[in-house]
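Chains as they are written, first to last, in this note's numbering: chain A, 335 to 789; chain B, 192 to 613; chain C, 513 to 879.
For the record, the hints were derived by calculation from the structure and aren't laboratory data. Take the hints with a grain of salt, since some may be wrong.
[Said to hold, decoys possible] Computed footprint of chain C on chain B; a stretch qualifies when at least three of its residues, placed anywhere within it, have a C-beta under 8 Å from a C-beta of chain C:
| hint | region |
| --- | --- |
| 1 | 255–263 |
| 2 | 413–424 |
| 3 | 443–457 |
| 4 | 460–474 |
Beta carbons are placed, not taken as given, at the ideal position from N, Cα and C, and that holds for glycine.
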Amino acid sequence: MTRNRADDLRARIGDTDLVLVLGVMIAMYAMFTAFGLLLGLGFGSIVSTLQQITFLTAAYALIVLALNLQWGYAGLLNIGVAGFMAVGVYTMAILTASPDPGPTGVPGFGLPLLVGILGGMLAAALFGGLVALPAIRLRADYLAIVTLAFGEIIRIAVNSQTFQSVSVLGFETGTGGSRGIQGPTNPVRALYYTDPSNPALGRTEIGGVIFDAFGALGVEEPVVVDLTYTLVLLGFVVLFYVLLTRIVKSPFGRVLKAIREDELVAKSLGKHTSRFKIITFMTGCALMGLGGILWQGSQSLVTPDQFDPLLTFYVFIALIIGGSGSNTGGVIGAALFVGLLFQGPVFASRLVSNFAGFESAPNTFPDAVAGLGSLDVQPLVAYSLSEIQSLRFVLVGVVLILVMAKRPQGVLGHRKSPAVGVDPYRRDPDGDETESPTDRGNANEATENDDIFFK
Amino acid sequence: MAQQVYRRHFISAIGAGGAVGLAGCLGDDNDGNGDENGTETGNGDENLDRTLRVGVVQPQTGALGAVGQPVTDAATLPVKQIEQADTSLSVDLQTEDTQTEPQAAISAAQGLVDAGYPAISGPLSTATTLQIVENVTVPNEVVQCTLGTAPVISAVEDNDFLFRTSTSDEFMSRAIAQVATEKAQAETVSTLSINDAYGQSLAEAFAEAFEGEVLDQVAFDPEETSYTSQLSEALSDDPDALYVVAFTENGIQILRDFYADFDGETQILGSAGLRNPELGDNVDADLTNITGVDAIGAGPSVDYFTDLYEDEYDRETTQFTWQAYDATAVLLLANAAAGENDGASVRDQMREVASPNGESVGAENLVAGLEMAASGTEITYRGVATDVVFDENGDIESGSYVTYSYDESGALQLGERIDIGE
Amino acid sequence: MNIATLLAGGRTRLGSHFFELLVGVGLAVLLFDLLRRLVTDALRVFDLLLFVKEGIVLGLVIGLAGIGLALTYSILHFPNFAHGDYITMGAFAGWVVSYVIAGLGSFDLRDLFLIGVRGDAGGVVVGTSVVQTPVAIVTGLLVAIAFTILATILIDRVIYRPMRDEGVITLLITSVGVALILRYSIAFVWGQETTTLTANSRPQFTAPGIGVQVSTHELTLVACTLVLIAGIHYMIQQTKLGTAMRAMADNPDLAAITGIPTERVVLATWIIAGGATGAAGYLVGLETGILAFNTGWTLLLLIFAAVILGGVGSIYGAIFGGLVIGIVSNVALVWIPSDFTTAAAFLVMIVVLLVKPKGLFEGVTTA
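Here chain A stands alone, though its shape is the one from the complex:
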């Protein structure tokens, strides 16, 4: 049984995909371990660093996969990702917050976490529908700008004093304005601590054993807790992946790809393309809401700063690097983005500042280039290091342009899943074109073979 399932899973995901993802992650781990060793970090600290990389990769992968459903498969350009995440996370936080949070907190409805999560997804989907219903008939670039404006409206709303505290049907609640609303206590803590909200009160039995084991290796308690939560996130990444792969392979998904390739043709075949697009958009938004909850909702406080439009562009960059239209590509893109563009430059600058003291960095750009006249580049280098944060964004821009210019289809873009059921150009049924239906006698319908996977 289990073997069977593992085999099928492998057939679904494909050996090469798993190998690719693992390969990229191992490369990232190797790079950050090297950073850590050069910075003189101990084993525990290196574990903590790798934990963070994994957490961020998983978090980005969740959002990237949701976006891939909208853009990669249905061609709907949504640049309001941060807004939809905010709707999900805020709804969850308001539903689960305690009705009596003390003098400084924001009161909520005190519902169980699961209800909060489902409510958050539902709210994100409904808002998605609200935007998509009228906007879906617009041109792709108009839809993009409408969603961007929507994201801003959401951010303005949660930041505003007007909704800081409101009363709904006699319930006092609100968004907390720019100070934010408290998030739920991370449930994985319950595994380790008798009182999850206050670790100081003691550990559970399992907690004691695991903490001791990791402690012997020099890994601190909070790192173990974070590591556990990261595993939960990874579980959700697999779940998202499987879900999306199944959607894409269903007849529904084939219509989506037909719309992406040529909407007119799909229409003339009698498909209600608008309905397909709206459902896809709403599903994607629900997943963004869930991804947001798992990521931003897990950090104890929910604030408007977390949903800056820049986040949307980060998610896009990750998807583009990996190649839109390929779920595996999306996951790899998330890893590459986090490793090379988000955390990489930070570590590189730590390394440089550790080895090259630049106490004498000039304060202004004219001072920095003044030395160039006499071929003295040292002031400019020192100035650049002190302004490394700006240069990091320049680097992100350069990478973005290079990817679009040299490889607009992304690292795995050539794997864009084709719109037809059986790829007419494919000769070798065992090739690595795993995104197209792996036939093995079942080339026709994924829906009819649902049980393959759950056998």
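With chain A's structure known, arrange chains B and C on it following the hints.
Frame of chain A; chains B and C shown alone:
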């Protein structure tokens, strides 16, 4: 000239401030945490050959990037002093950028903790502070000394690892409410505040502290090209005074619009951001209707600090630069006194380095102060911004404020001192 | 045509009329409420006029900045997300020159280059304003135009030209990359603080009868906008180049087949758009009196709203859209709190797109 006014008032008031500080310190000695390590400090000379480690987390890019950069510079200034001085102590300071964004802030702080820094100075905003406290510093037993001003920071369950060198909004608002009633003689006030946690929090705390009536509370977006409409809304009910909570760069623009489009007769109550010696030049109008309140330095070292900062970075000190310097300085002093780069030991010395009877230490003799702390001498750190005496929540015990105004020529005048205690 | 399509068409037509009706009723209600407030003194006439004046000034700022975007959007067929940063770039280039001219001799060149972001040469001490330093202002404006033209051509040659045949989304994302590079290069050189650019905008004029004040710099902005619109109108309507541009906007393939030298038209488009954008950047700095590395970026979404509102491709549409956005986001204060005024402007854009998906100046291309 402004300086003389300031000094006179300062000297007349220093006794009161000292007394408040003394009472505070006696009160919190039985904290339980400070006792055992308090006696351990006299370890002698090997403590003088150490490297003191401290991390700085501040916004350098993002929404607060413009405010955060000068603040970051101030937070790293103690290192420059130590590097330039002749001492066997050395400092290892690493700066990280929060990007004004919680995820990046958490990553930044985690990076410092992973690198073994026992203490973190910063960041500016309350929200980021809370996220770092909850996810990074407290679980890892690392001391954090923040600049966030919201009252909520007092209530955090932090096992005493969280301190702050800025005073709570509550104190500031009581001071400004007092000025509104006594100096501006306003019975009705409207507020115009920057639309972020800092502005919202101060505006609300003011509404609570003010005895008169608060008419309109208007928030403005810091990236607006003009503030005329917001001003018009805030002034629509003809308040006696308008309380403006803004950073200097928005403040200049708001005042320009105010004097250009309105009669300019409404009294203006200013937050710390409107206290700037160059405001008169930049607004270019008759500013005599402005009265404001800002924190003041607790010792002569504020002048020393200002000179040092301007020499080093070639720009004026701005809001929160003093508190940022204090945060790093007190963490370094506590570290020197603790004799080891360990979070819990540093925490236990945070209150000791401001013990009431010690040798007075300020910005001008910081290096000497570090040496004294390392060799076990009892010291009293008198902060640049205010007396750094922490209560049981890790808050500054009392706020010392000064009123300011502008004369006909637009020159900044400092007025009387206001002390607000618990 | 089958019956289903016919029905769908009918439904859409009915739907859009329904929306139009709804919007009409909404506007009528708001207008009525406005009058009621004025009559009952809940709103002072002076306040309303002030909102409208502020709206017009902001609207012109947005509209002027939108001209370049409208041109490139209609002829190159992609939304240029770097447009906001072209504005910032033009403003910095022009103002550095203005400062150097106004302050040379009395200030250190180094300080003048930093235009008051750091150093000792702030707008007030250098004394930059239309009345005090007209030569510096005019030269700065010309330099802003010239510099932005050169920079946009360079960026086009290096980045956009090799990708001319890519889809709209590829170009959109590329332009996000260009935007990041420009914005943070400016931050690298000048830092992230906001500078106070001008000394003052006096003298002020009081509009007779209504008491609203208008400053010299606001008047300068209005005058320059009118001149720019007239110039671009002439170029597009009266020259052969303009005809070619309109042809390309309508159908690029057809234009290429009929022998229009498309690359030369693209070059001309960037020149006109770059010039208008550089001028806009400089004038936005003059009118608002402030400048920072992200000035253009924060305006960008409003500019997009204006351009789309007007119907992409029409410069009058852009100006008109800008005025709508500007006035809405100020007059909205009558009903909603100030933190929602920008949201109201975006909402208006979305509503207009629902009622008239092709914008208010539907069908008018590049004129």
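- [ ] Count the residues of the region 460–474 of chain B whose CB lies closer than 8 Å to any CB of chain C, then report whether that count reaches three.
- [x] holds (count 3)
Task: Given coverage of the region 413–424 of chain B by chain C, tested with a Cβ cutoff of 8 Å and a minimum of 3 residues - done: holds (count 8)
TODO: Apply the coverage criterion to the region 255–263 of chain B and chain C: a residue qualifies when its Cβ sits closer than 8 Å to a Cβ of the chain, and three qualifying residues are needed.
DONE: holds (count 3)
- [ ] Given that the region 443–457 of chain B was listed as covered by chain C, double-check it with a C-beta distance under 8 Å for 3 or more residues.
- [x] As far as the region 443–457 of chain B goes, the hint holds, because 5 residues have Cβ atoms under 8 Å from chain C.
In this structure, none of the earlier numbered hints is contradicted; all agree with it.
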